[in-house]
Amino acid sequence: MNERDNGTTYLDGWSLMIYLCLVLLGWLSIYSASHGGDTFELDFSTNYGKQIIWIGISLLLGGMIFLIDTRFFDVFAYAFYALTIALLLLVLAFGSEINGARAWFEIGGFRLQPAEFAKFGTALALAKYLGDIDSNIREFRQQVVAFILLGIPAVLIVVQGDAGSALVYASLTLMFYREGMSGLFLILGIGFIILFILTIAYGTQSVMIGVLVVCLIILAFTYTRKGIIRYLVGALVVCFALSVSVQAAFEKVLKPHQQIRLEVMLGLKEDPQGVGYNVTQSKIAIGSGGFFGKGFLNGTQTKGDFVPEQHTDFIFSTVGEEFGWVGSFVVIVLFASLFLRISFLAERQRSKFNRVYAYSVLCILLFHFAINIGMTVNIAPVIGIPLPFFSYGGSSMISFTLLLFLLLRLDANRFNELDSVHT
Amino acid sequence: MSSNSNKGIVIRASIVIISLILLVKLFFLQVVNDKYAEEARRISRRIVTLYPDRGLIEDRNGKIIVFNDAAFDLMINFPFRTKNFDVQGFCALTELSREEFEAKLAEARANTYRGRAIFMKNLEPRLFARIQEGLHEFSHFNIETRTDRRYDYNAGGHVLGYVAEISRSELEKTEDGYYDIGEYVGKSGIEQFYEEPLRGVKGFEYHTVDHLGRIVDDYKDGVENTKAVNGKRLTSSLDIELQRYGEELMQNKIGSIVAIEPSSGEILAMVSSPAYDPNMFSIKNLGKYYRELARDKSKPLLNRAVAAQYPPGSVFKLIMALIGLEEGVITTSTQFSCSNGFRVGSLHVGCHAHAPRPDLKYSLITSCNAYYCNTLREILHQGNGETIEESYNNWRNYLLRFGLGSTLGLDVNQEKGGNVPSAEYYHRIHGHNRWNYLRIISLSIGQGELLFTPLQMANVAAIIANKGYYYVPHVVKAIDGKPGIPERFLERRETGISDYNFNIVRDAMREVYERGTAAGSQIKGITSCGKTGTVQNPHGENHSMFIAFAPKEEPKIAIAVVVENSGYGSTWAAPIASLMMEKYLMPDSTTQRPDLYERMIKGNLMPVDNE
Ligand SMILES: [Zn+2]
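Top to bottom, those sequences are chains A and B. The first sequence begins at 1 in the working numbering and counts up by one. The second sequence begins at 1 in the working numbering and counts up by one.
One chain only, chain B, in its complex shape (with noise of 0.2 Å):
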């Protein structure tokens, strides 16, 4: 018997190992791997999304320029088997027909995105009704919200921005994780550089659901559920009269506006040219429209008030003028002589035809290229020893401090930062050191390597209105009705210019207008200053430039305008800015000029397409 009782403990032996098995494999399922957690919630619980209103945006006088729509997606959750479930029922609901269905499942579950995927988007409005009605049968369905953009007025899409949905590598990319799929994002402009406040925060109420997803309980007594949190108002430093009229005034014609107000560096009006109705980028209408403004040759997507670049061309006197007179080199009675241009060995920059030895202030109302030339030569030959780099910096370094050779921070995306090039840049080309003034004369006259953007010309007038600093321009000024912008935009900074040598660069604006290249343009009843540009353009007719601001005591419009292939910038840069400053400043009246403010609507200067 005693080898059938060491049987009996083989038998407890394989009692205990049976039981051992199991406990090890439990203890691997239940505790070293937590997968099934995961996947218990993933399917079990279901997340039910509050959605807060997205914030309104009003302008600067309070009209409310953007608000809120509603546009409806049906969305499918995961775990979902067509066994068991009603197909023909749902066909009939949705109005699809079985291989439609089946198709829309199929990519739905190519799409997903935890647990989750839209299975028909933005519904009509009479197929949204009668689904919502039906849905219920239909527990792994539900019907979510999304928030639409809508505009009264058309204008200041490339400001105002838009919202579409959130792209999957967007998804992927944000950490925090808080979008969905199906989800509304701003995409640009203060829609996407604001989109933390405009889009509040999400609430969420957590549900355990059964196998055949329908909602059983809240899940853990709902103590992890949140509320929304409604989305801030914005109100945006824009005039969105003032930039509907600039956009008028640009209509037919390739260029930029932007206007500022100086003692704020708010933007009034910031106008790209062709422009579009915001509307076009509305939920119901993005699959329509986008494609074909994506195609347009003319670009109307592109925000060309940041993201075009020019070179300066005349406008640039003003700031060599300003550095020549703080440096010392200059002064206002200052003259060169400038017999049809500026003449050293075989190097030549012509001028038209004027008095032949101009002071400062008449090189500025007459645009002299000699003047200038000299003026440059003055600054960077100053002697003690100094290297061309070390002359060149000096120089360099005022424009940096106009906010010139790199962006300046706006708060709107696609913002270029324009071109100073460096010493470093030279000294590529010519060898360390082994250059001198004459060879980058040109950029004394705004040509050559310097390029800036409508917003930096701007800015550069805001900078003489205000007699020397600026406030980094931004076209939003409140969130919810208080500060709470960036703090770079309330920092002033400085150009370390003096208010002297500002008042005679502006003294010699004003006549501009008084007797100048702007004289066109005069408005009754207001002291504007400003200078007019032309733009070399080797594509065709010149570019027109003008930057001007008004009144000249205590400006409340500083503003840029570019025309492209447009000639002189007498002929359309300066009339537009002055009719916008007008329109600014004496908002009430109308216009004093009906004829120029026709003759600005009328014109086409859209280049004509030679395929």
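Next up, chain A with everything else stripped away, as it sits in the complex (with noise of 0.2 Å):
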């Protein structure tokens, strides 16, 4: 084991693979959506052509992590984290502002989007910080930092009028799970989108008393337990300045199209022809598919255009249209599959670095993969988040690889890490 190979020995072949098939289908979804012929032609100014630069850059620079000792990575994994909230920071200044957020480097014709390259880095941190052996996520200061850690990224991500990425930071709320915090915290997570959501459906008064009801319907059973009182009478509290701050979050944070966007998710308002559009042209073209699609390159509303933003945010829908229910099957297994290995991948981590990381990774992964098809058949909030390895887009398709490639680095070289870790 002290012999050092060149780090692609131990390399998880079935990651790569899945990794590779999903690319692979990726291109052609965009091939299709940005309208590419029945002959292939290469041509770098169509989007389809700017993709294959992307996925060739994403390989290199994943290539490029294999030859990096992975000590590299945790001693600057806070540098890594420093250097993506910097240009976090930079982006407010300096960045060109798109669809209403100021969220993009432009340089030569390119775009860069900082907030994707912060998931890496903050991925990073919380690996070096919850991976250190004396740290422990049960207890209450360590779940501070930890917050903080993922805080500042998704703050400065929100700032930049981009809410929607700052919410992928909250899925990593189900790695501190995984580390030990109490489940409590998703339970009440949970709790707290119930109550988001009814506030925003049926206003603050008409939650309280509901909540009221159901505190009285609980002392009615329990009222000979001791100090039952007191904890409902917490929990009405509790509830009540809830609903009260989602309430004005609702109205004073969220911009205009926003609340919108949330109540045709919530199944509030009915707008095919306005914010409900892009969604209701979504759901259109991959129910028309069928089960079997329309096939390649076949779909009517793909080569219409009727689905706005359909090579990037919703570029599922050309699978769902040309490829048919048997088509999504086929991605969506892949990708469940992607994320049963890594959690296979974590859990056979022996350092808490590697295992916090992998974790970190398929909880970024699995939200974006959530989200993103939920959003394309009308079951999630339209957060305007890609779909990974699919998505039209230089800074995801990198930063998602980055976040892979790293994984699939420190697992090949998992014996290693023991070994110094022993040392």
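It is possible that part of the hints are untrue.
Far from chain B, by Cβ distances over 10 Å, these chain A residues were calculated [said to hold, decoys possible]: (1) 82; (2) 97; (3) 134; (4) 139; (5) 141; (6) 188; (7) 228; (8) 250; (9) 259; (10) 289; (11) 296; (12) 332; (13) 394.
Using 20 Å as the maximum straight-line C-alpha spacing, the simulated DMTMM-like pairs for lysine to aspartate or glutamate come out as follows [claimed, not checked]: (14) A/352 x A/106; (15) B/220 x A/309; (16) B/482 x B/195; (17) B/187 x B/175; (18) B/83 x A/309; (19) B/83 x A/347; (20) B/7 x A/305; (21) B/220 x A/305; (22) B/7 x A/347; (23) B/284 x B/144.
Now the in silico label distances, taken between C-beta atoms and shown as ranges [unchecked claim]: (24) A/233 x B/35: 45 to 55 Å; (25) A/46 x B/35: 27 to 37 Å; (26) A/49 x B/168: 50 to 60 Å; (27) A/330 x B/38: 18 to 28 Å; (28) A/13 x B/10: 47 to 57 Å; (29) B/38 x A/192: 57 to 67 Å; (30) A/49 x B/84: 20 to 30 Å; (31) B/10 x A/49: 50 to 60 Å; (32) A/72 x B/38: 52 to 62 Å; (33) A/145 x B/10: 53 to 63 Å; (34) B/35 x A/206: 30 to 40 Å.
Because the hints were derived from the structure by calculation, they are not lab data. Every residue, glycine too, gets a C-beta built ideally from N, C-alpha and C.
Take each chain as given, in its own frame, and dock them per the hints.
Structure (structure tokens):
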């Protein structure tokens, strides 16, 4: 084991294969969505042509990771984090505003989105912090630090005007849960989401009446227990505070178009010609695919540009239309297999750094996957986040590839890591 | 660490659950629900309809009487959003104000059928040219060409019918869904009955369009495209010159003329007066005249030739004579006395002055009422223990075989069946079999409950001309130069009365011309046969009627004429019938009787409007 290899001897072939499949399918979808002809022509002015460049750069950078010693990432984890935070700050000052979000650097015709790379830095920083032998996520102080680590980039991204991308960071709480944080946090989180939805749907007043009724019912069954009233009153106060702040946040923080998006997603508003247009068109494209799909390059909705943002956030609608349910099944099973594989890789790591990092990658990818496909079929809010390895775009392609390849690098090197820990 | 490993399982479970939720949702979206496939087709497929030319209609002599003209509608294709649409430019092109644009858009939205609606109807030529020039900029709009109809002869409107935009209810009623909004369809007459051969078959081109409504491709490589098949040319049995002549003779009168070729049942002319210029119904004019015509008190839209019902009056005596002869209750030598009519007890049917004991021929020439009261008595009193119902039905069945009492099944709409009461009808009034011939004596002279249409009367004339049979009258004789009209027009229908008996009646009808009531309407060189009739009109002057055929041997034309409020049959109906027959049988010579023609043309018998 002391013999150092070039990092690929123990490379997880399964993950790499699935990754390559997804990238290929993604590129085919972009080819279709950007109206590639029946005979392929290499044209770098088209989206599918540019995406070839992004895939190439991603593979190149991913390969380079295997040339770098893993300890480099351990040592410079915080430096990476600081760098991505710095980029997030810089983009606020010097970035270009596109679609109401100041989230992009424009460099000679190419766009760079620091928010995508911030995920990578944050995952590294959390791995570094929680990977420390002495750290324990069960402790309140460390929970605070961990939440601050992911909170800083999230807040900066919200300030950029891209609340959707910021939500990705919330998914990392699942990793905290795996690392020992009480499941109560998740349950409270889910409870908060329900309260959030009900507040937007029915308003604080109705929600509080509902909560009061629930409390009284609980009290009716449990009034003999000591101190129950104290708990219930506490819960009531917390719910009230949350509901009021949700209402305030919804009205003050969210921009009108975001409010409407949320309301459309919650089924509170029907607006097929307005904000709901994208989702409606996406559902039509996917729904019209049927069981086997209309065939590659034969999607009428794809050809006719009916789905706005089809090559980026709504790329899955191309899959659904041209390859039908069968194609959707294949893509979802590929993603699920990748995630299960990553969770398997995560669990077999002996270094805590590696495991935390692996789960961070899993959380980020899973969140993107669930929300992105969910929004194309109208079961998740349209928050504008890309589908990993599929959506057109250099920043996301590179950052997702780096996230995954570093995981594969760490995994391939896990025995050496073990040695290094013990020496 | 074991509890944390369990948490790993929780995470794996959530991966599986999330994937399953997405797969199930997708399954419902893609496989279970087919609404989206339909919706996708609706918004991404543009159907371009290729309209066939509507078939022309020619008369029996090959004169084109109905031909095509074009009208243009501006159509809008939904989904349409004013966002990103150059409303100002479009309004400039179509010469609409912003308000008019919004109003038309709202109206179109409300009237959408299969994603399309008429935006502007029947563009005038200048505007059409202008819009066509600039329309390519506005991909949601297209111009649709409609087949409008034009008529060179101002005649035959009731028979030819008209085409008009299909109504909402007609759209929803047609089972094969052939029609689309804004299309034109035959609404009456030949245009309606022969809609299918006339309209041809539409062709379709399917294109895929993008979200801006621009055509991007052939839909499914055009495999579903079809070509248009032009409509078929119809040959009408009308003689358009005769038709026009008939309408001219009937001007300023209310009534009808129906002329039939006895040997085939082909209708040579069918005049309903007052008539209207068929051009009033062209697409370009419909809006203007329809209301006016529909409101006119003289009901020009009513086709009286098939829809007006009159008691046949004396004309019916011909049928009575034929039945009496066939039943053997009278012969040529049978005489009945008539002293100012027919009397039984308190019942009295009046008659006019004539020789006291007419025989059959004389009774027809002089139109003796008493003779036919007696004939009816003989027909219905046959003994052998028959009930009145049985003998009545025996008599009635003759009438049914003459095509009376129900519609003949003409290929022109509005047809009524007239009335020949059933035995049950009299049972209801008088009690079951508790009535006899005296109760229905007025039937014998064509009064009472009997009602015939002018078409049925002309058909009776044709039956007598044919000595016993007829073909169901029809106005179209060939489709694309070939037979192809419905079978029923080619079936010979028999009355079951012998030639011998018909000859007796025909001889009498000839004498009506030679020395009877139609003596003033003789045509030199043509042996015409006829019978006048006068029908009492409780509302004013009597209606005059005349049926005739000519020539006596191998008849070429059988005719019925009804002129309302005109007094005796010999004054108006008989001269008009004879002029018509002369025109048809001698088309190339001018009339022998210009005075008579002048008198008929100038006659104004329109009821005086008292209001
Ligand atoms: Zn008499």
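Structure-based check of all given hints:
1. 82: Holds, since 29 Å exceeds 10 Å.
2. 97: 22 Å, holds
3. 134: 16 Å, holds
4. 139: 15 Å, holds
5. 141: 20 Å, holds
6. 188: 16 Å, holds
7. 228: 28 Å, holds
8. 250: 26 Å, holds
9. 259: Per Cβ check, residue 259 of chain A is outside 10 Å of chain B; nearest 20 Å; holds.
10. 289: 5 Å, violated
11. 296: 15 Å, holds
12. 332: Residue 332 of chain A not clear of chain B: closest Cβ-Cβ about 5 Å, inside 10 Å.
13. 394: Label holds. Min Cβ-Cβ 26 Å, cutoff 10 Å.
14. A/352 x A/106: 38 Å, violated
15. B/220 x A/309: Roughly 25 Å between the alpha carbons, so the hint for residue 220 of chain B and residue 309 of chain A is violated.
16. B/482 x B/195: 17 Å, holds
17. B/187 x B/175: Status holds; Cα separation ~17 Å.
18. B/83 x A/309: Cα-Cα ~18 Å, so holds.
19. B/83 x A/347: 53 Å, violated
20. B/7 x A/305: Cα-Cα ~44 Å, so violated.
21. B/220 x A/305: 17 Å, holds
22. B/7 x A/347: 11 Å, holds
23. B/284 x B/144: 15 Å, holds
24. A/233 x B/35: 45 to 55 Å: 49 Å, holds
25. A/46 x B/35: 27 to 37 Å: 33 Å, holds
26. A/49 x B/168: 50 to 60 Å: 52 Å, holds
27. A/330 x B/38: 18 to 28 Å: 26 Å, holds
28. A/13 x B/10: 47 to 57 Å: 27 Å, violated
29. B/38 x A/192: 57 to 67 Å: 40 Å, violated
30. A/49 x B/84: 20 to 30 Å: 27 Å, holds
31. B/10 x A/49: 50 to 60 Å: Violated: the Cβ-Cβ distance is about 43 Å, outside 50 to 60 Å.
32. A/72 x B/38: 52 to 62 Å: With a Cβ separation near 57 Å, residue 72 of chain A and residue 38 of chain B satisfy 52 to 62 Å, so the hint holds.
33. A/145 x B/10: 53 to 63 Å: With a Cβ separation near 24 Å, residue 145 of chain A and residue 10 of chain B fall outside 53 to 63 Å, so the hint is violated.
34. B/35 x A/206: 30 to 40 Å: Holds, since residue 35 of chain B and residue 206 of chain A (Cβ atoms, about 33 Å apart) stay within the stated range.
Taken one by one, the earlier hints fail for this structure at numbers 10, 12, 14, 15, 19, 20, 28, 29, 31, 33, listed in ascending order.
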